[in-house]
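Asks: Residues 1 to 442, numbered by our numbering, are exactly what the first sequence covers, in order.
Bear in mind the hints are in silico, worked out from the structure with no lab data behind them. Note that CB positions come from ideal geometry on N, CA and C, so glycine has one too. Incorrect hints may appear among the rest.
Stated by the list, open to error - Derived CB-CB ranges, DEER-like:
{"no.": "1", "residue 1": "Arg102", "residue 2": "Arg276", "range": "33 to 39 Å"}
{"no.": "2", "residue 1": "Asp127", "residue 2": "Phe7", "range": "42 to 48 Å"}
{"no.": "3", "residue 1": "Met104", "residue 2": "Asn303", "range": "32 to 38 Å"}
{"no.": "4", "residue 1": "Ala436", "residue 2": "Lys16", "range": "20 to 26 Å"}
{"no.": "5", "residue 1": "Ala412", "residue 2": "Ser260", "range": "54 to 60 Å"}
{"no.": "6", "residue 1": "Arg387", "residue 2": "Met104", "range": "34 to 40 Å"}
As the list claims (entries may be wrong) - No farther apart than 25 Å at their CA atoms in a straight line, the calculated lysine to aspartate or glutamate pairs in the DMTMM-like style are these:
{"no.": "7", "residue 1": "Lys191", "residue 2": "Asp127"}
{"no.": "8", "residue 1": "Lys168", "residue 2": "Glu116"}
{"no.": "9", "residue 1": "Lys126", "residue 2": "Glu154"}
{"no.": "10", "residue 1": "Lys138", "residue 2": "Glu198"}
{"no.": "11", "residue 1": "Lys191", "residue 2": "Asp251"}
{"no.": "12", "residue 1": "Lys138", "residue 2": "Asp127"}
{"no.": "13", "residue 1": "Lys308", "residue 2": "Asp78"}
{"no.": "14", "residue 1": "Lys126", "residue 2": "Glu142"}
{"no.": "15", "residue 1": "Lys355", "residue 2": "Glu386"}
{"no.": "16", "residue 1": "Lys308", "residue 2": "Glu413"}
{"no.": "17", "residue 1": "Lys441", "residue 2": "Glu198"}
{"no.": "18", "residue 1": "Lys91", "residue 2": "Glu142"}
{"no.": "19", "residue 1": "Lys419", "residue 2": "Asp358"}
{"no.": "20", "residue 1": "Lys138", "residue 2": "Asp166"}
{"no.": "21", "residue 1": "Lys12", "residue 2": "Glu371"}
{"no.": "22", "residue 1": "Lys409", "residue 2": "Glu386"}
{"no.": "23", "residue 1": "Lys191", "residue 2": "Asp420"}
{"no.": "24", "residue 1": "Lys355", "residue 2": "Glu309"}
{"no.": "25", "residue 1": "Lys191", "residue 2": "Asp141"}
{"no.": "26", "residue 1": "Lys409", "residue 2": "Glu342"}
{"no.": "27", "residue 1": "Lys299", "residue 2": "Asp78"}
{"no.": "28", "residue 1": "Lys12", "residue 2": "Glu432"}
{"no.": "29", "residue 1": "Lys267", "residue 2": "Glu309"}
{"no.": "30", "residue 1": "Lys409", "residue 2": "Asp362"}
{"no.": "31", "residue 1": "Lys138", "residue 2": "Glu17"}
{"no.": "32", "residue 1": "Lys299", "residue 2": "Glu413"}
{"no.": "33", "residue 1": "Lys299", "residue 2": "Asp103"}
{"no.": "34", "residue 1": "Lys91", "residue 2": "Asp103"}
{"no.": "35", "residue 1": "Lys12", "residue 2": "Glu35"}
{"no.": "36", "residue 1": "Lys299", "residue 2": "Glu386"}
{"no.": "37", "residue 1": "Lys437", "residue 2": "Asp396"}
{"no.": "38", "residue 1": "Lys191", "residue 2": "Asp166"}
{"no.": "39", "residue 1": "Lys16", "residue 2": "Glu142"}
{"no.": "40", "residue 1": "Lys375", "residue 2": "Asp166"}
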Amino acid sequence: MRLSRYFLPILKENPKEAEIVSHRLMLRGGMIRQEGAGIYAFLPLGLRVLNKICAIVREEQNRSGAIELLMPTLQSADLWRESGRYDAYGKEMLRLKDRHERDMLYGPTNEEMITEIFRAYVRSYKDLPLNLYHIQTKFRDEVRPRFGVMRGREFLMKDAYSFDLDEKGARHSYNKMFVAYLRTFARLSLKSIPMRAETGPIGGDLSHEFIILASTGESEVFCHRGYLTMETPAADVNFDDTAAIARIVADWTSHYAATSDMHEAAKFDALPEAARVSARGIEVGHIFYFGTKYSEPMKAVVNGPDGKEHLIHGGSYGIGPSRLVAAIIEASHDEAGMIWPEAVAPFAVGLANLKPGDAACDGACGRIYSELAAKGVDVLYDDRDERPGAKFATLDLIGLPHQAIVGPKSLAEGKVELKDRRSGERELVSVEAAIAKLGGKA
RNA sequence: CGGGGUAUAGCGCAGCCCGGUAGCGCGGAAGUUUUGGGUACUUCAGGCCGCAGGUUCGAAUCCUGCUACCCCGACCA
Numbered sequence: 001m002r003l004s005r006y007f008l009p010i011l012k013e014n015p016k017e018a019e020i021v022s023h024r025l026m027l028r029g030g031m032i033r034q035e036g037a038g039i040y041a042f043l044p045l046g047l048r049v050l051n052k053i054c055a056i057v058r059e060e061q062n063r064s065g066a067i068e069l070l071m072p073t074l075q076s077a078d079l080w081r082e083s084g085r086y087d088a089y090g091k092e093m094l095r096l097k098d099r100h101e102r103d104m105l106y107g108p109t110n111e112e113m114i115t116e117i118f119r120a121y122v123r124s125y126k127d128l129p130l131n132l133y134h135i136q137t138k139f140r141d142e143v144r145p146r147f148g149v150m151r152g153r154e155f156l157m158k159d160a161y162s163f164d165l166d167e168k169g170a171r172h173s174y175n176k177m178f179v180a181y182l183r184t185f186a187r188l189s190l191k192s193i194p195m196r197a198e199t200g201p202i203g204g205d206l207s208h209e210f211i212i213l214a215s216t217g218e219s220e221v222f223c224h225r226g227y228l229t230m231e232t233p234a235a236d237v238n239f240d241d242t243a244a245i246a247r248i249v250a251d252w253t254s255h256y257a258a259t260s261d262m263h264e265a266a267k268f269d270a271l272p273e274a275a276r277v278s279a280r281g282i283e284v285g286h287i288f289y290f291g292t293k294y295s296e297p298m299k300a301v302v303n304g305p306d307g308k309e310h311l312i313h314g315g316s317y318g319i320g321p322s323r324l325v326a327a328i329i330e331a332s333h334d335e336a337g338m339i340w341p342e343a344v345a346p347f348a349v350g351l352a353n354l355k356p357g358d359a360a361c362d363g364a365c366g367r368i369y370s371e372l373a374a375k376g377v378d379v380l381y382d383d384r385d386e387r388p389g390a391k392f393a394t395l396d397l398i399g400l401p402h403q404a405i406v407g408p409k410s411l412a413e414g415k416v417e418l419k420d421r422r423s424g425e426r427e428l429v430s431v432e433a434a435i436a437k438l439g440g441k442a
């Protein structure tokens, strides 16, 4: 993509409303635009990151055996009256009426709807286990939205819902998601720590929050240092191996880890001094087992091997991709701007032409750009008629992991400069070497 | 939902006390200059001064009401 033809509204100054670094950088980097309290448009650069996050979330959901569908954002109030949550949910739920004065709502979550879909079709235990998920816009009318997309009212959520014959099966479904989440966050270059959590308004008796550590995180967390070095489950882990999956979960829940509301100071203080990590964190995922909470009022039953009807045991599993965009920035930035992990970078390479109009610079850039494009590498080519300083600042701000800098000075020696955004390391290499080196970043 | 605050050009702000018809910096356009870390200078464009009422010869400025947004707290992917 040529920057001169792209839509990247960069801000030089800090918008005053942005308190935390991710919000500030997302606004400055032209990734989002606020359209109302807690409501944001994703601009092209932001959307690229969001889509990459969603793609990874999908891959890991699919790998674990979950199946994607897509439910509507608007739901009928009657569905929620069945579960009793229409009255229970409170003002956080956006309620509206259609032209026939029917009560509708903009879904804050989809347990009722997925249960309705499930009960309409599934009759036999032989069709279980089943885990259905979608990635869809949610609306929760938070009293106080803040921190940009970190706590918006409208946000994107991946929510999965598992259905099992009994609690034993449901626990395995829960464990599968647990493992899928560990893999998902690891692929996003996030160090996630599962912590025992309150089950909140959704209910149930087993729940974990996945917290990532970030100095600017919103909540206080306490955990064992062991979590920082634990190994992520491998890509070829067998999700059907109940015992193996349970072992991974047992391993990942063996150490102390709690948010401030679940914190037990005595247990934490009993840990060796060196093992104690007290830090700030951001919740990026939340999983629940809630048993028959919805199947009972909504009569979601299947015939079991015993010929009798059984209420299904359910769980739900959320990840907030839009929040993750901000969370990754919180965990990965510096004074100059964002630093994207390769897996979610909006472009893999930023190519800066320091002197557009100069035949040698244009030629070298054109060659690098087209040859990398041919190899499937996403390149953002800054071909604007701007000062070098402005280009460096822009590239640093938007945090593309690799920068290729082409200027008359180094080009006189046949070299271009490659800069690693994260480490700041630079090296002068030939055009050919630059193409070879960056060509593997597709 | 309680407490506090702000609304003036795309962004950041001044002007408001003490009414006289709007200004600065950044950004944008044109030009000269400059060319490896947001260059300098010149010119230009851009505002129902959040909305609605009121007071006044005259309101960005004073009064009343409304709305939006932000911050702190309680709640949340």
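Asks: Is the straight-line distance between the alpha-carbon of Lys299 and that of Asp78 25 Å or less?
Replies: holds (15 Å)
Asks: Assess, step by step, whether the Cα of Lys191 is no farther than 25 Å from the Cα of Asp127, and give holds or violated.
Replies: violated (35 Å)
Asks: Verify the proposed pairing of Lys419 with Asp358, using a straight-line Cα cut of 25 Å.
Replies: Distance ~22 Å between Lys419 and Asp358 Cα, so the pair holds.
Asks: How does the Cβ-Cβ distance of Met104 and Asn303 compare with 32 to 38 Å: does it lie in that range?
Replies: holds (34 Å)
Asks: Need the status of pair Lys126, Glu142: alpha-carbon distance at most 25 Å?
Replies: violated (41 Å)
Asks: Below or equal to 25 Å on CA atoms is what counts here, so check Lys12 against Glu432.
Replies: violated (34 Å)
Asks: Can you confirm whether the C-alpha distance between Lys267 and Glu309 stays at or below 25 Å?
Replies: violated (43 Å)
Asks: Under the criterion that the straight-line Cα-Cα distance not exceed 25 Å, is the pair Lys191, Asp251 satisfied?
Replies: holds (16 Å)
Asks: Run the distance test for Lys409 versus Asp362: straight-line Cα separation, threshold 25 Å.
Replies: holds (14 Å)
Asks: Would the pair Lys355 and Glu386 pass a check requiring their Cα atoms to be no farther apart than 25 Å?
Replies: This hinted pair holds, its Cα atoms lying about 8 Å apart.
Asks: Are Lys12 and Glu371 close enough, with their CA atoms no more than 25 Å apart?
Replies: Measuring from Cα to Cα gives roughly 32 Å; hence the hint is violated.
Asks: May I ask you to test the hint 34 to 40 Å on the CB atoms belonging to Arg387 and Met104?
Replies: violated (53 Å)
Checked against the numbered hints given earlier, this structure breaks hints 1, 4, 6, 7, 9, 12, 13, 14, 16, 17, 20, 21, 24, 25, 26, 28, 29, 32, 36, 38 and 40; the rest are met.
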